[in-house]
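A.B. asks: Here's the letter readout for the chains.
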Amino acid sequence: MNAGTWASIINLTICFAIPLMLVALGGMYSERSGVINLALEGIMIMGALVACLLLRMMDQAGWGDSAGKAQLGVLLAALAAGAAGVIFSLLLAFAAINLKADQTIGGTALNIFAPAFCVVIAWAIQGQGITDIAIPSWTRLTPEAMGFAGKVNQDFLPTLFKKFYMTTPLAILLFLIAWIVLYYTRFGLRLRACGEHPQAADSVGINVYKMRYAGVMISGFLGGVGGLAYVLVAGTSFSATVGGYGFLALAVMIFGNWRPWQIFGCAVFFALFKVAGTFYNLIPFLPSFSGVQKVSNIYNLLPYIVTMIVLIFTSKKSRAPKAEGIPYDKGQR
Amino acid sequence: MKKLGNLREHPGFISLMASLLSILTGLVFGLVLLLILNPANAFAGMGNMLSNGIRDMGNVLYSSTPLIMAGLCIAFAYKVGLFNIGASGQYTMGAFFALVCAIGFQLPWPVCLLAAILGGAIWGFFPGFFKAKFNVNEVLTGILFNWIGMNLVNFLIPNLVIGGNGMLSTNWGGSASDRTAALADANPSAILPRLGLNKLFHYSYMNIGFILAILVAVLCWVILRKTVFGYELRACGLNRNAAQYAGINANKNIVLSMVISGALAGLGGGFYYLAGGGQLNLLQEISSVGFDGISVALLASCNPIACIFSAIFVSYINLGGIAMQSQGYATEATQIVISVIIYLAAFSLLMQTKIAGFLKRSGKKQKKEGVK
Amino acid sequence: MNLAEAAKNPEYVIEMLHITKEFPGIKANDDITLQLRKGEIHALLGENGAGKSTLMSVLFGLYQPEQGEIRKNGQVVQIRDPNDANDLNIGMVHQHFKLVECFSVLDNIILGVEDTKMGFLQKRAARKKVLALSEKYGLKVDPDALIQDISVGMQQRVEILKMLYRDNEILIFDEPTAVLTPQEIDELMQIMKDFAAEGKSILFISHKLAEIMAVADRCTVLRKGKYIGTVDTKDTTMEQLSAMMVGRQVNFKVDKQDAKPGEVVLDVQHVTVPSKVHKNNAVRDVSFQVRSGEIVCIAGIEGNGQTEFGYALTGLEKQSHGTFTLCGHDISHATVRSRSKDGMSHVPEDRHKYGLVLDYSLEQNLVLQRYWQPDFRNGPFIKFDAVRQYADRLIGEFDIRSGQGAVTTARSMSGGNQQKAIVARELDKDPKLLLAVQPTRGLDVGAIEYIHSQLVRKRDEGAAVLLISLELDEVMNLSDRILVMYEGEIVGEFDPKTVTVEELGLYMAGAKRTEMNA
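Protein chains in written order, with the numbering used here: chain A, 1 to 333; chain B, 334 to 705; chain C, 706 to 1223.
Calculated directly from the structure, the hints in this document are not laboratory data.
Check the hints yourself; a few may be wrong.
[Said to hold, decoys possible] List time: in silico DSS-like cross-link candidates among lysine-lysine, alpha-carbon distance up to 30 Å:
1. B:K585 - C:K1134
2. C:K1046 - C:K1058
3. B:K466 - C:K1046
4. C:K743 - C:K929
5. A:K316 - C:K981
6. C:K845 - A:K322
7. C:K1046 - B:K585
8. B:K559 - A:K322
9. C:K1058 - A:K100
10. C:K1058 - B:K585
11. C:K981 - B:K585
12. C:K822 - B:K559
13. C:K939 - C:K743
14. C:K929 - C:K939
15. C:K965 - C:K1134
16. C:K981 - A:K322
17. B:K559 - C:K981
18. C:K1046 - C:K981
19. C:K939 - B:K466
20. A:K210 - C:K822
21. B:K466 - C:K1023
[As the list claims (entries may be wrong)] Far from chain A by the CB rule (all over 10 Å, computed), these chain C residues:
22. Q740
23. K803
24. L804
25. N813
26. G858
27. K867
28. E880
29. F1089
30. Q1094
31. R1146
32. A1152
C-beta atoms are modelled at their ideal positions from N, C-alpha and C, and glycine is treated no differently.
With the sequences and hints as input, model every part of the structure.
C.D. replies: Here it is, written out as structure tokens:
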């Protein structure tokens, strides 16, 4: 195993951990304010849709010509993805908070709506039958552009950055902000109170409804950006799906016990196993099952099975926010 | 006159009215969407969506069979207070077990259906068991097992050789290596009997699966409403502590109901793939049946009998959507309509109180006029 | 006193004038007038459901009244939410503490009034202020302890500090002594008197006549949402207050003959039950016996192991050591169902959590302990007419009131009738041992009398009754023998005819103990 392989593994792990972490953080904000957000899959898709359409427009307007403009374009697209996520999540917020409906209903409806809406819009804009929205190649920062000399897949540094998008540093920044806000600001304290004991928060004058809206909207923002981050690393076009990552992020959130740093760790853990599986023939100590077809499927199982095993041992202490999923009704005492 | 008066206030009637109102609103929303996208063809498109099903009733009923089962799966688990997000995995495992028996072991269809039930039941056992024994969140386990199931099946099917029989289409004279063999080639005795239904409904794949699904739905309703077991299950779902106080073994019931729920989904997989019309494709994505089942169950307010009707409705609209392509719309427009309808289910409590109020007032008005 | 006269009396720091507050179907407050003088301790007395909590919630801004106005120092004020109340220096300690369990003491105190710099929490000044207040009033707390780890008494101190931190001058206490030991109650009374002496004005809600007479200057009585009257405590007696509260003279004693205990029904030997919350055991090496035909009561302050003992006895939880023997059978490891079959009945402490499936109908709840018996089933199917007949019989015998009879949803029934249903169900089983835990919690006097008489009736029919209660009146009046539990151990056994409430209180607080020989 040479340096190149190691670097590849690290690079791909980061690529896949980032969207997982972002969306899981979003789910965490929503649930810690007291609202279960099953619509993460749909939010990711909507965010990716808006961002990709914007990138397409930018491509046609020639933003890809200069590197600076290109990366600015990516950042703007990320913001647009976040904004789309916020607006989309308002639908969930309204159903869960104002109508006090079962929170699984709203989430499921949005998950069904989003991919269908994507296809319909894509056909309307690109022409009938064309679902895939191509992602401009200038969104990717190549190792050469960043100044790393050497051969990709052989030398360490260039391979470490072989797949790099501006969404990665953006995600790390968002993570740090999310962590600090949750534990060190007044807003974070009040948000957590609303997810644990909304009556207590109400009795000291906090507007629980407003706080929960904020929690859901933040999850919409992070989910939207996460959607773009996923789509950028997953392929060269967006075809109205994020491959179930929204649900995986939910799993990571629960696995990470609703805490930012644990979520980060679990996302990396999960991504590592996922990626290691695809490199099975390059990692010497992993058997390659010669003669068997579709060995990749065995290794695909790895992250899920390892996660299940860890869960069996750690779930006794699992502690969801106490009031999550229970609609807050001021009249009930 | 008195019976009609009582009907107005019956909760089931009000619930039905609320559902119908949701559906109507969803369709109106769909129409508005079509108008925005392509005004010229909007009404034709909507008309197509609404009427195509009638021409193709056999297909509608045939396609509704797995939906009925998926809906029952979700509804049954929901009644017991669990959200079975692992329905897709259970469906796939059911299909897998059925096909292994059909193609691999060359067994007749009743055995294959039993195998489907077993496959789904096993896959449903895990989330229930891990929840009861280790307190692992069942949504989490369900999600993980959806993926595990998919990967397992994708791995096993190309590699399984039973008694010299491979599973793939290429092993049985077909040309594609990414799907299982057509049952017509591999084992015709495993195909569900048609009993003339295919002629009755003018659809060549129509078979007794639909009838069996209806019977299973009725069975579910009977179990939940009329049996001691159903009483215990619902008590567990409504108040787990009180159930424990009453001497009910809550853990046992959680596992049991997830097993039943999984079995229902698995049976759905069996019904679909033993109909002879479909081959299991080895795709790297989770089957959407589990999520369609959520739509069906929510539309039916998780009532087993109502699941039959909501499944037929969803199937009807989906087929209508395919016909809409000729007007230039994506078939996914029907999914948008369905998602709106489900979202409105969130309003349902609000709507039910408004409808109840409306019916009460119009009832009073009639009485007043009657007295005059 | 009408509005014109009230305006001429600025001696009232707070006036609630002609307050009406309605909820769907109930008028919780119907034209109530309450006036609080500066520096006084004013009690608000009434039975459950009289409207006391609602009235105080209006004052604290949690509810908006449909009619009426509130004045502070003669000026009309609007209190739309707790922030407004806080701005007027009104604070409230709630009956069910409004504390976030996984937050620290300090975080709970500052929640809602945090110091911030550009949005970031600044806790240093707050910590200083909390420690200073804690010193001044003798309210000992650890600012960094998590609420879930501290005692109930300390939690209440946190609630009080919340008010003091906000410089509240008008302090509302909602049933403050419900969870305190007699010693802690005395401390609280002293603290309240200190506050009053400083010029703070105190409103406290209570249904305990002795406390009101001991500490309050005046008392306002409410009954079923209506204002009955206000009296000076030095000019009245407990009997008079009680009559105002219920509208008739109340029997303080339960009519019962002496017990005639027979065979040993329940034998508890060296039972130890672990605690879920801390490392010590909740119940420690407890042994005693209950005979048929007697009512034995385990008395103690909430949180001393009675709850855990009850759950271990019924099989809802496991004990780590010890045995339970019922009529000679060892049931120590039996399931809940088999203990029930052997003749144990259980009226649980929390009727909503354990006693009823609220979304089931009344008849479905009434057969909760019997649905599996051959009388009520036909193979796998339920015999619905047998269930209906049974339910109708119990409804008649026990006078259980509900909107639509047997098909009424349990959720829509009143607390008293819900409890009656549970009692009916458990008594009709003709148990050999009846475990009743807090059977009259939250009920009005009429329901309490009824349930007490039913318990005595069962005792006279030969059942062994084990009562676990926190209400000393109930303990003294109902039991034939009293066992005091403190920190998981039985620390004394008494005859209610000879022991005093004060003596019991000392044992309940751990100040005294008798060595119990095994």
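A.B. asks: Against each hint, give a clear statement of whether it holds in the structure.
C.D. replies: So, going through the hints one by one against the coordinates:
1. B:K585 - C:K1134: Holds, because 26 Å separates the two Cα atoms, which is no more than 30 Å.
2. C:K1046 - C:K1058: holds (22 Å)
3. B:K466 - C:K1046: Status holds; Cα separation ~27 Å.
4. C:K743 - C:K929: holds (28 Å)
5. A:K316 - C:K981: Status holds; Cα separation ~13 Å.
6. C:K845 - A:K322: holds (28 Å)
7. C:K1046 - B:K585: holds (20 Å)
8. B:K559 - A:K322: Distance ~35 Å between K559 (chain B) and K322 (chain A) Cα, so the pair is violated.
9. C:K1058 - A:K100: With a Cα-Cα distance of about 22 Å, the restraint between K1058 (chain C) and K100 (chain A) holds, given a limit of 30 Å.
10. C:K1058 - B:K585: It holds: about 20 Å lies between the C-alpha atoms, which stays within 30 Å.
11. C:K981 - B:K585: OK: K981 (chain C) and K585 (chain B) at ~23 Å, within 30 Å.
12. C:K822 - B:K559: violated (63 Å)
13. C:K939 - C:K743: With Cα atoms ~18 Å apart, K939 (chain C) and K743 (chain C) stay inside 30 Å; holds.
14. C:K929 - C:K939: holds (25 Å)
15. C:K965 - C:K1134: holds (22 Å)
16. C:K981 - A:K322: Judged against 30 Å, a Cα distance of about 17 Å means the pair holds.
17. B:K559 - C:K981: Distance ~38 Å between K559 (chain B) and K981 (chain C) Cα, so the pair is violated.
18. C:K1046 - C:K981: Judged against 30 Å, a Cα distance of about 28 Å means the pair holds.
19. C:K939 - B:K466: Distance of about 61 Å is beyond 30 Å: violated.
20. A:K210 - C:K822: holds (22 Å)
21. B:K466 - C:K1023: OK: K466 (chain B) and K1023 (chain C) at ~16 Å, within 30 Å.
22. Q740: Fine: 25 Å to the nearest Cβ keeps Q740 (chain C) off the interface.
23. K803: violated (4 Å)
24. L804: The assertion about L804 (chain C) is violated, with a minimum of 6 Å to chain A.
25. N813: violated (8 Å)
26. G858: holds (19 Å)
27. K867: violated (8 Å)
28. E880: holds (13 Å)
29. F1089: holds (30 Å)
30. Q1094: With a cut-off of 10 Å, Q1094 (chain C) remains clear of chain A, as the shortest Cβ separation is near 36 Å.
31. R1146: holds (16 Å)
32. A1152: It holds; A1152 (chain C) is separated from chain A by about 21 Å at its closest Cβ, greater than 10 Å.
In this structure, the hints that do not hold are numbers 8, 12, 17, 19, 23, 24, 25, 27, in rising order.
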